[in-house]
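These protein sequences, in sequence, are chains A and B.
With the numbering used here applied, the first sequence covers 1 to 422.
With the numbering used here applied, the second sequence covers 1001 to 1312.
Calculated directly from the structure, the hints in this document are not laboratory data.
All C-beta atoms in this analysis are idealised placements derived from N, C-alpha and C, irrespective of residue type, glycine included.
Accuracy of the hints is not assured; some may be wrong.
[Unchecked claim] Below, computed lysine-lysine pairings styled on DSS-like, alpha-carbon distance capped at 30 Å:
{"hint": "1", "chain 1": "A", "residue 1": "K155", "chain 2": "B", "residue 2": "K1142"}
{"hint": "2", "chain 1": "A", "residue 1": "K281", "chain 2": "B", "residue 2": "K1247"}
{"hint": "3", "chain 1": "A", "residue 1": "K213", "chain 2": "B", "residue 2": "K1276"}
{"hint": "4", "chain 1": "A", "residue 1": "K180", "chain 2": "B", "residue 2": "K1276"}
{"hint": "5", "chain 1": "A", "residue 1": "K252", "chain 2": "B", "residue 2": "K1140"}
{"hint": "6", "chain 1": "A", "residue 1": "K281", "chain 2": "B", "residue 2": "K1203"}
{"hint": "7", "chain 1": "B", "residue 1": "K1247", "chain 2": "A", "residue 2": "K308"}
{"hint": "8", "chain 1": "A", "residue 1": "K252", "chain 2": "A", "residue 2": "K345"}
{"hint": "9", "chain 1": "B", "residue 1": "K1142", "chain 2": "A", "residue 2": "K310"}
{"hint": "10", "chain 1": "A", "residue 1": "K308", "chain 2": "A", "residue 2": "K345"}
{"hint": "11", "chain 1": "B", "residue 1": "K1142", "chain 2": "A", "residue 2": "K252"}
[Stated by the list, open to error] Label pairs and their computed distance ranges (CB to CB):
{"hint": "12", "chain 1": "A", "residue 1": "H295", "chain 2": "B", "residue 2": "N1207", "range": "30 to 40 Å"}
{"hint": "13", "chain 1": "B", "residue 1": "Q1035", "chain 2": "A", "residue 2": "H295", "range": "51 to 61 Å"}
{"hint": "14", "chain 1": "B", "residue 1": "E1265", "chain 2": "A", "residue 2": "V348", "range": "51 to 61 Å"}
{"hint": "15", "chain 1": "A", "residue 1": "G203", "chain 2": "B", "residue 2": "K1140", "range": "47 to 57 Å"}
{"hint": "16", "chain 1": "B", "residue 1": "S1101", "chain 2": "A", "residue 2": "N112", "range": "48 to 58 Å"}
{"hint": "17", "chain 1": "B", "residue 1": "S1101", "chain 2": "A", "residue 2": "G152", "range": "53 to 63 Å"}
{"hint": "18", "chain 1": "B", "residue 1": "A1267", "chain 2": "A", "residue 2": "N112", "range": "34 to 44 Å"}
{"hint": "19", "chain 1": "B", "residue 1": "P1232", "chain 2": "A", "residue 2": "V348", "range": "16 to 26 Å"}
{"hint": "20", "chain 1": "A", "residue 1": "D156", "chain 2": "B", "residue 2": "Y1082", "range": "26 to 36 Å"}
{"hint": "21", "chain 1": "A", "residue 1": "M100", "chain 2": "B", "residue 2": "Y1082", "range": "44 to 54 Å"}
{"hint": "22", "chain 1": "A", "residue 1": "D156", "chain 2": "B", "residue 2": "N1032", "range": "52 to 62 Å"}
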Amino acid sequence: MAKGNKEPADDEDYIDIDDTGPGDLKGADGGYAWEEEYKRSWDVIQEDASGSIQSIVLGINDQLRHKRRVRDTEAIQRGIIRHVVLIIDQSENMNLRDLMPTRIQATLTMANAFIGEYFDQNPISQLSIIATKDGLAEKLTDLSGNPMDHLGALKDKANKDLAGEPSLQNALELAMHTLKRAPTHGSREVVCVIGSLTTCDPGDIAQTLEALKTAQVRVSMVHLAAEVHVFKRICKETGGVFYVAQNEDNMKDLLFENVPPPPIVSAKATSDMIQMGFPIKANNAEVPTPCVCHHELGFVGYICPRCKSKVCTLPTDCDVCGLPLVSAPHLARSYHHLFPEENFKEVVSGDMAVDSTCFGCGAVWAEPLVAAAAAAPDTSEPGGGGGGGGPGKYRCPRCKHDYCLECDIFIHETLHNCPGCV
Amino acid sequence: MSEPLESDPSLLVVVLDVNASAWSKSPLTVGNALQQMVIFINAYLALKPENNLVVLAANKRECKCLYPADRTTTIERDIRVYEQFRVVDATVLSGVQSMLSGAEAMVGDPNLGIEEGQTLMSRALSRALCHIHRVVEGTKSKVWSRMLVLSAADDAPREYISLMNTIFAAQRMGVLIDICKVFGGDSVFLQQAAEITGGNYLKVDTNGESMLQTLMFTCLADHYTREVLVAPTNETIDFRATCFCHKRVVDIGYVCSVCLSIFCELAPVCSTCQTKFSFRIARSESAQSNGVLKQSPKPAAATVAMSSLTLS
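Extracted from the complex, chain B is given alone in its bound form (with noise of 0.2 Å):
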């Protein structure tokens, strides 16, 4: 792949998360937050004439693409506001209300997996990589692309593996995704996005007047700058795994050769899919000593949805 050059242009990727449950309990609002995104939005658009935008919002039930828009809204003209700026920010905080008015109305549960503080991100991670599959194969230069999560709603775990998609199919296509989480614990799924595609994982600050700040310094800069920018890091990421017979945490482990089931000790037949394994382990005997690690303070990061994975 070839070196970004200062010139070339970007596309950002904004992803929206409204769910209104998650954000209910954060005491940063919703409000306040989108503000503060809008002026991060306008920030981006003015560094660059070409810089193309996408934004995405995601609830529980839907995930929906605010801009650009399918049908051309009219809004009213402001001679004091620059124009494109204008129609992004009505485009999105018109949508935005419009989602969390209409989640309430909806009655009925079409996503059984997904509970209440949750929102669908997978779907909404996939479609941003369909909306920038199209933009980067539609323009003969160069575009470099990221995606911006900013993220208030719980992992689901039903979503792992189709997480896990997205976010290597992210990696393939040089796609950094950087990810703002406002409230709540660590987004397990989301740090590893950030870890695996380069991008940022950010915490912000409870009181979410810093959330600005902290966007504006980490995720404005493009793939250019990123290169001589030191980004902030993270604290280590735990890859480790956990075993799915006694959720411990293992760093050697055994793996069903079928459908890739990890255990912490040997058994007869994998509880997952039924295969009856042979015994042919020469090397056990060393690694048993050492195999199966006290369950750690720190929850792995890996696979901790992994242990709910049903293969049907």
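For reference, chain A alone in the conformation it holds in the complex (with noise of 0.2 Å):
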């Protein structure tokens, strides 16, 4: 895991030309997708003594489910209004298949999944989307607050096509032109999901790079090939991050470390009473009435307090006098990255046990914890917790109460409270 999910090495000059490289740059389960020949998943399914193959698909399962990361819990202070511009690179290194089926179909569901996720999780935040083909960049989706607008770009036929060689500087300066007008309390940052190993450029990519660390813009890039030299320059001097995509779920988890918001780290970053909107929702109308946002006749909507137009979905910005419509619940929502919970340690089999099944889901804990970590296949990585296939048992620091891991997963990424402390 040494290369796809940290920067591979702190020294930059440092250029490894040995093609095979050392044995730890290769990644616990094979490496890059690039770099392997055949999938050949049944070689990994050995039948166990009784000739039966569950024990073994169980602890396969129990692996793929054990990537609990751990998470940043400190209260600090984190851009909750975002404005991202996400650059998909349409050229034609975009067609090799070593993401399945293709790198740009692989891109593209993603960015699916991402825009979804990412709406979800900054609901008064906004996107714009970038392709960049022919040494052209060209946009998409302008900034908007409603994910429908990018996904539905995203699906647009014509939007697809690759073509000619990617041009990094014609986007990055498409995107900081978008960002310019995002008022200075928001984020500006960009996500880069890149194929290419080289990029077309009209100029000197490093004035680009002084005019994006002035505008206060954060790069972060995913890239499916390999570390290309300036593309993590860029990343770095703007305070992103720049990661190698190993395979599809390793490139699933790397763009969506974006989905958080960062932490603020400039000074310069002001803050500002923003002016929004809290519509009604009309819905005794006795005849259809058009929504100004798309144009579709229907019975319930929201009456923008300003203009008294209606829209559909909420939260949006009114698109006839651009105030950002919003309800209350959608404020509350984006709360718990502001008071993040904290991780649950793993208790070891020597602790107390405080409770007699999981305080989550009332699962009953598997008999010996420790016949059932050896017990499993001893492939767990290391450093990571230890427990292998057993169901571990994860403790809240604050209330002290136990969970299996299912739950603690649950309860991090999905329901961002601790049943205990609440």
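From the two separate chains plus the hints, produce the assembled complex.
Set out below in structure tokens:
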């Protein structure tokens, strides 16, 4: 996992000429997708003593689930109101088949999931999509808070052809231009998914980098092939992160790291009072009326308090007067970023048992914890907390209740509050 | 998400509010309500053999899972009653009884923010979602899950954020939350829970005899059936916010970009998080004339409690 999850080497000048590379740069599960010739998934599965494959399949499933990440739980200031530009590489290099079915298909699938998750977690933020091909950059969608606009643009067939070389400089310039009119209280971010090892630029990209730094744009990238010095430098100097994806699952994890809002580090970030409208739901109309956003007839809608036009979904910006329209629950939804739930600690077998079952789902603990861990195949990640395939116990440090792994992941990723603490 | 099929099994999580002091004020007795609820549960189980059930009970101090019980209690067999009905009925009734009697015996109050007539509703709903998550993950076929909350107690303002987290988690998982409020004023939090997740919010007639009928007609239907039923519509739920500074209902407000507190007028410093604002709002003139409404006669459903929110 050394290369995929973290930046490969701290020393930037270090260039690894040896193709085989040191063994520890390879991932635990065989390394990069492009290194694998065949996917021989059947080789992994071995029968156990009784001739059954059930135990090994359970073990593999547990391993997959064990990707429990330790999250940053400090209460720090985060840019709740975000402006993100998603740059998608649409050069011919995206036609390669190392990610299934092709790089571009995998990217678009991930982008769809990313957009859904982004607006779910950041309901009052905005997004824009830029594609780059043939040395040009093209804006697919302008900054908007409505996920449907972006999903529609990604579905559009015309936006899917691949051509020529990408131009990172053009894409970044366009992104900067888009973000320029974003207010200073919100964050300005660029997230790129790039499959090419080259960029075809009209000018000096170092100047673009300087401009990005002045405009306080944070650039993060997920590269699908390998590390490229100039890409990594742009990310590093603008305060973003650069990752190389190993395979489809890893790519999803890396892209989704951009879903929670990043902490604010810049001292120049200002705070503002943002004017927002809280519309009233109107559902007692006698005749259907069109909404200003999609021009579709409907009985239900929300009335903009300033211009009295009807929009069909919240949160959004009023299409007539531009007022951001939200409902109070949407604001409440962003609170969990400000007060994240503490990470649970794994219970080692010596500790006193507090709960006889999982406090969340009521599952009974698998009998001897140690035996379960020993019985599982010894493939647990080094430093990953141990436990292997055994159903570990995780304890909330605040309320001292125990949870199973399922509930631990669920509580931190979906629920965002510990049932014992509330 | 795929469309629900008629053959898909359901998972129902019943959350019972057994707050003794809240029920003591209700014209409908706990026993009576419980009887009707048990009949409803039996009807649900009888609909489809694959239907799955979890019963949770919560009061002011604790939240317990009554069914499925963690230990097997021996219940004497009765040949005249369907086996599953008997087990469910006996465990639920005895569980509620022990919680009601246990509540009086307990001294000391671990939950300082919760008042006498309030219930640990967000804990109960969080645990219900954990149960649902476990069942949905553990079943290969699609399981459509929903929740039914029998509520008697008042809202606890302290629970606002955690309850909102729970509601949004339920919405993401496609869990419907039906609310059956038996007594007292409307619960603004639970109203939002039903509204956001697409469930029904029912206020039962205080006589209580109609509770079973209401439940049968509105909450027994699964996801598939609900598509063709016309549910009783709620009166419009007001999602407008109350400002933190004067507790006025605003329809155009000012939101602090750091902590998202809502204010009805411009201020130099955020009173919640002490952030100093830079004054760069150009659009304020047109809005200030109609930005603040006079105190609306109906309290806003949205953030009655957000005003009592403290940022530590």
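Hints versus structure:
1. A:K155 / B:K1142: With Cα atoms ~27 Å apart, K155 (chain A) and K1142 (chain B) stay inside 30 Å; holds.
2. A:K281 / B:K1247: holds, 21 Å
3. A:K213 / B:K1276: This hinted pair holds, its Cα atoms lying about 24 Å apart.
4. A:K180 / B:K1276: holds, 23 Å
5. A:K252 / B:K1140: holds, 24 Å
6. A:K281 / B:K1203: At roughly 21 Å apart (the allowed maximum being 30 Å), K1203 (chain B) and K281 (chain A) satisfy the hint.
7. B:K1247 / A:K308: Within the cut-off at roughly 24 Å; holds.
8. A:K252 / A:K345: holds, 26 Å
9. B:K1142 / A:K310: Violated, at roughly 37 Å.
10. A:K308 / A:K345: violated, 52 Å
11. B:K1142 / A:K252: With Cα atoms ~24 Å apart, K1142 (chain B) and K252 (chain A) stay inside 30 Å; holds.
12. A:H295 / B:N1207: 30 to 40 Å: For H295 (chain A) and N1207 (chain B) the Cβ distance comes to about 48 Å; the hint is violated.
13. B:Q1035 / A:H295: 51 to 61 Å: holds, 53 Å
14. B:E1265 / A:V348: 51 to 61 Å: This hint holds: roughly 55 Å between Cβ atoms.
15. A:G203 / B:K1140: 47 to 57 Å: Since the Cβ atoms of G203 (chain A) and K1140 (chain B) sit about 56 Å apart, the hinted range of 47 to 57 Å holds.
16. B:S1101 / A:N112: 48 to 58 Å: holds, 54 Å
17. B:S1101 / A:G152: 53 to 63 Å: Because 59 Å falls inside the window, the suggested range holds.
18. B:A1267 / A:N112: 34 to 44 Å: Holds: the Cβ-Cβ distance is about 41 Å, inside 34 to 44 Å.
19. B:P1232 / A:V348: 16 to 26 Å: Hint violated: Cβ distance 53 Å, outside 16 to 26 Å.
20. A:D156 / B:Y1082: 26 to 36 Å: violated, 56 Å
21. A:M100 / B:Y1082: 44 to 54 Å: holds, 50 Å
22. A:D156 / B:N1032: 52 to 62 Å: holds, 59 Å
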